[in-house]
Amino acid sequence: MSASSNQTRRHSAMQRKLKELLRFVDKADIQTESSSHRGLNTLTHKPLYSRPLKPIQNEPQCKDTEPTHKADREKVTDGLQSCTIDTNKPRIQKLQELVTTNLTGGLDRPELGKMREAKQDGCTESQTKKQDNSWFTHTNKAGVTRSDRLRQGRCIDKRPKDLINRKCLSWREAAKGHESKLQQKEYDLFVASLLTSQSLLQDKSADLPVEASTEGLELKEAASQMFLLEQEAKRVLEENDRVRLEYEDVQLKALVDQKDKESCDTRRRDEDTFSGVMPCERSSVAQVEAKRQQVWKVWGELKDLERDIKEMMMSSVIISALETSIRDSEDEILNIAASNVRLQRANKDLEQNISLVLSNALISEETKAYVLSSSCFAGRMIEE
Numbered sequence: 001m002s003a004s005s006n007q008t009r010r011h012s013a014m015q016r017k018l019k020e021l022l023r024f025v026d027k028a029d030i031q032t033e034s035s036s037h038r039g040l041n042t043l044t045h046k047p048l049y050s051r052p053l054k055p056i057q058n059e060p061q062c063k064d065t066e067p068t069h070k071a072d073r074e075k076v077t078d079g080l081q082s083c084t085i086d087t088n089k090p091r092i093q094k095l096q097e098l099v100t101t102n103l104t105g106g107l108d109r110p111e112l113g114k115m116r117e118a119k120q121d122g123c124t125e126s127q128t129k130k131q132d133n134s135w136f137t138h139t140n141k142a143g144v145t146r147s148d149r150l151r152q153g154r155c156i157d158k159r160p161k162d163l164i165n166r167k168c169l170s171w172r173e174a175a176k177g178h179e180s181k182l183q184q185k186e187y188d189l190f191v192a193s194l195l196t197s198q199s200l201l202q203d204k205s206a207d208l209p210v211e212a213s214t215e216g217l218e219l220k221e222a223a224s225q226m227f228l229l230e231q232e233a234k235r236v237l238e239e240n241d242r243v244r245l246e247y248e249d250v251q252l253k254a255l256v257d258q259k260d261k262e263s264c265d266t267r268r269r270d271e272d273t274f275s276g277v278m279p280c281e282r283s284s285v286a287q288v289e290a291k292r293q294q295v296w297k298v299w300g301e302l303k304d305l306e307r308d309i310k311e312m313m314m315s316s317v318i319i320s321a322l323e324t325s326i327r328d329s330e331d332e333i334l335n336i337a338a339s340n341v342r343l344q345r346a347n348k349d350l351e352q353n354i355s356l357v358l359s360n361a362l363i364s365e366e367t368k369a370y371v372l373s374s375s376c377f378a379g380r381m382i383e384e
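Each residue of the sequence shown is one higher than the one before, counting from 1 in the UniProt record's numbering.
The set of hints was computed from the structure by calculation and includes no laboratory data.
Quantities reported herein were computed from a predicted structural model and do not represent experimental measurements.
Worth double-checking, as some hints may not be accurate.
[Stated by the list, open to error] Listed below are the simulated PhoX-like cross-link pairs for lysine-lysine, each with C-alpha atoms no more than 20 Å apart in a straight line:
no.: 1; residue 1: Lys310; residue 2: Lys234
no.: 2; residue 1: Lys259; residue 2: Lys297
no.: 3; residue 1: Lys259; residue 2: Lys291
no.: 4; residue 1: Lys253; residue 2: Lys181
no.: 5; residue 1: Lys253; residue 2: Lys303
no.: 6; residue 1: Lys310; residue 2: Lys291
no.: 7; residue 1: Lys261; residue 2: Lys297
no.: 8; residue 1: Lys27; residue 2: Lys17
no.: 9; residue 1: Lys234; residue 2: Lys261
no.: 10; residue 1: Lys303; residue 2: Lys19
no.: 11; residue 1: Lys253; residue 2: Lys185
no.: 12; residue 1: Lys303; residue 2: Lys259
[Claimed, not checked] What follows is a list of derived Cβ distance ranges for each label pair:
no.: 13; residue 1: Tyr247; residue 2: Ser329; range: 30 to 36 Å
no.: 14; residue 1: Leu334; residue 2: Leu252; range: 44 to 50 Å
no.: 15; residue 1: Leu219; residue 2: Thr324; range: 15 to 21 Å
no.: 16; residue 1: Gln352; residue 2: Arg10; range: 55 to 61 Å
no.: 17; residue 1: Gln231; residue 2: Ala290; range: 47 to 53 Å
no.: 18; residue 1: Glu74; residue 2: Asn360; range: 32 to 38 Å
no.: 19; residue 1: Asp328; residue 2: Val250; range: 34 to 40 Å
no.: 20; residue 1: Asp257; residue 2: Leu229; range: 39 to 45 Å
The C-beta atom is built at its ideal place from N, Cα and C for all residues, glycine as well.
Please work from the sequences and hints to get the whole structure.
Structure representation (structure tokens):
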């Protein structure tokens with residue numbers, strides 16, 4: 001009794017551990033799917049038009065991250081928009097001032113000659129100056145080196161210059177944003193439905209095995225009690241048979257002793273009575289006595305045979321007890337078979353529900369196979 005109860009407890013403990021392990025694995029899979037380890041790219045494929053557009057131009061080798069480069073870039077853009085690039089502005093202003101001041105008043109010929117000489121001297125000096133010294137003296141590019149100009153030009157070329165391109169980019173960005181929002185909503189709905197279905201299935205599976213385990217334990221306890229009662233009944237019947245046989249042996253011995261005494265008494269009486277009888281008559285009396293002794297021997301052998309038959313054969317009480325126990329065991333077997341059929345049906349319904357949920361769910365084939373195998377394994381353990 002204790003060994004069978006320990007085995008049942010171990011079996012139920014193993015079943016509980018397996019169920020807890022399956023629940024933990026399912027929850028871990030759901031959490032990993034809903035977390036950032038498995039994003040939307042694992043469930044849905046991005047279309048071609050949602051890929052990020054990269055510029056054809058090569059990126060600059062050194063990135064402008066300092067505020068000075070940003071300020072220079074803004075200056076260059078402002079200069080290009082205003083389109084005011086004056087290289088020789090001071091020289092033109094000087095000439096205009098000379099013309100405006102000298103044409104207003106009346107001058108003599110010697111003064112005009114001096115003015116012409118001054119103009120020629122100014123022109124020769126301006127022509128003799130190098131062109132590099134006069135470039136970018138009074139513009140927004142003053143103090144900018146050649147490498148800075150190249151870097152600024154690359155940064156400006158990267159910007160979209162056409163309004164049509166800008167509109168296309170804005171439309172694509174809006175489409176990508178809406179698409180990502182829809183995908184996120186779809187994924188959230190899928191995870192919520194999966195969690196609800198898993199919780200319902202786990203509650204059902206948790207209720208069914210508990211009831212089945214309790215019924216199985218009750219049946220096992222009833223069977224063990226019936227076995228103990230049967231053993232006790234057999235022991236009582238054997239003890240009763242043993243006592244009855246002992247009583248019969250004692251009674252038989254008493255009868256034999258009594259018969260011996262009676263035979264001795266009759267012999268003495270015969271001897272006393274037939275002392276005066278002829279020898280032929282005595283011989284007939286002896287023959288009768290011998291026949292009687294032979295009958296008593298046969299009767300004793302019959303008693304021995306009856307006792308052996310009782311010892312070897314089973315009594316009617318034992319047979320009736322066995323028949324009743326067999327009937328009870330048949331009823332228990334039928335109940336167990338019916339409960340097993342119910343459990344098999346519940347297991348099949350559970351597997352069908354799991355397969356339907358997995359077919360509607362957007363998950364990989366590996367997770368589907370894993371969930372189906374775990375559910376089949378749990379069903380087999382419950383049936384066992």
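Status of the hints after comparison with the structure:
1. Lys310 / Lys234: Distance ~15 Å between Lys310 and Lys234 Cα, so the pair holds.
2. Lys259 / Lys297: Answer holds: Lys259 to Lys297 is near 12 Å, not above 20 Å.
3. Lys259 / Lys291: At roughly 14 Å apart (the allowed maximum being 20 Å), Lys291 and Lys259 satisfy the hint.
4. Lys253 / Lys181: 107 Å, violated
5. Lys253 / Lys303: 11 Å, holds
6. Lys310 / Lys291: Between Lys310 and Lys291 the Cα gap is close to 29 Å, so the pair fails against 20 Å, i.e. violated.
7. Lys261 / Lys297: 16 Å, holds
8. Lys27 / Lys17: 15 Å, holds
9. Lys234 / Lys261: The given pair, whose Cα atoms are some 40 Å apart, is violated under the 20 Å limit.
10. Lys303 / Lys19: 66 Å, violated
11. Lys253 / Lys185: 102 Å, violated
12. Lys303 / Lys259: 16 Å, holds
13. Tyr247 / Ser329: 30 to 36 Å: 34 Å, holds
14. Leu334 / Leu252: 44 to 50 Å: 49 Å, holds
15. Leu219 / Thr324: 15 to 21 Å: For Leu219 and Thr324 the Cβ distance comes to about 18 Å; the hint holds.
16. Gln352 / Arg10: 55 to 61 Å: Once the Cβ atoms are compared, 32 Å apart, the range 55 to 61 Å for Arg10 and Gln352 is violated.
17. Gln231 / Ala290: 47 to 53 Å: 51 Å, holds
18. Glu74 / Asn360: 32 to 38 Å: 56 Å, violated
19. Asp328 / Val250: 34 to 40 Å: Holds - the Cβ-Cβ distance for Asp328 and Val250, about 38 Å, lies within 34 to 40 Å.
20. Asp257 / Leu229: 39 to 45 Å: With a Cβ separation near 42 Å, Asp257 and Leu229 satisfy 39 to 45 Å, so the hint holds.
Checked against the numbered hints listed earlier, the structure breaks hints 4, 6, 9, 10, 11, 16 and 18; every other hint is satisfied.
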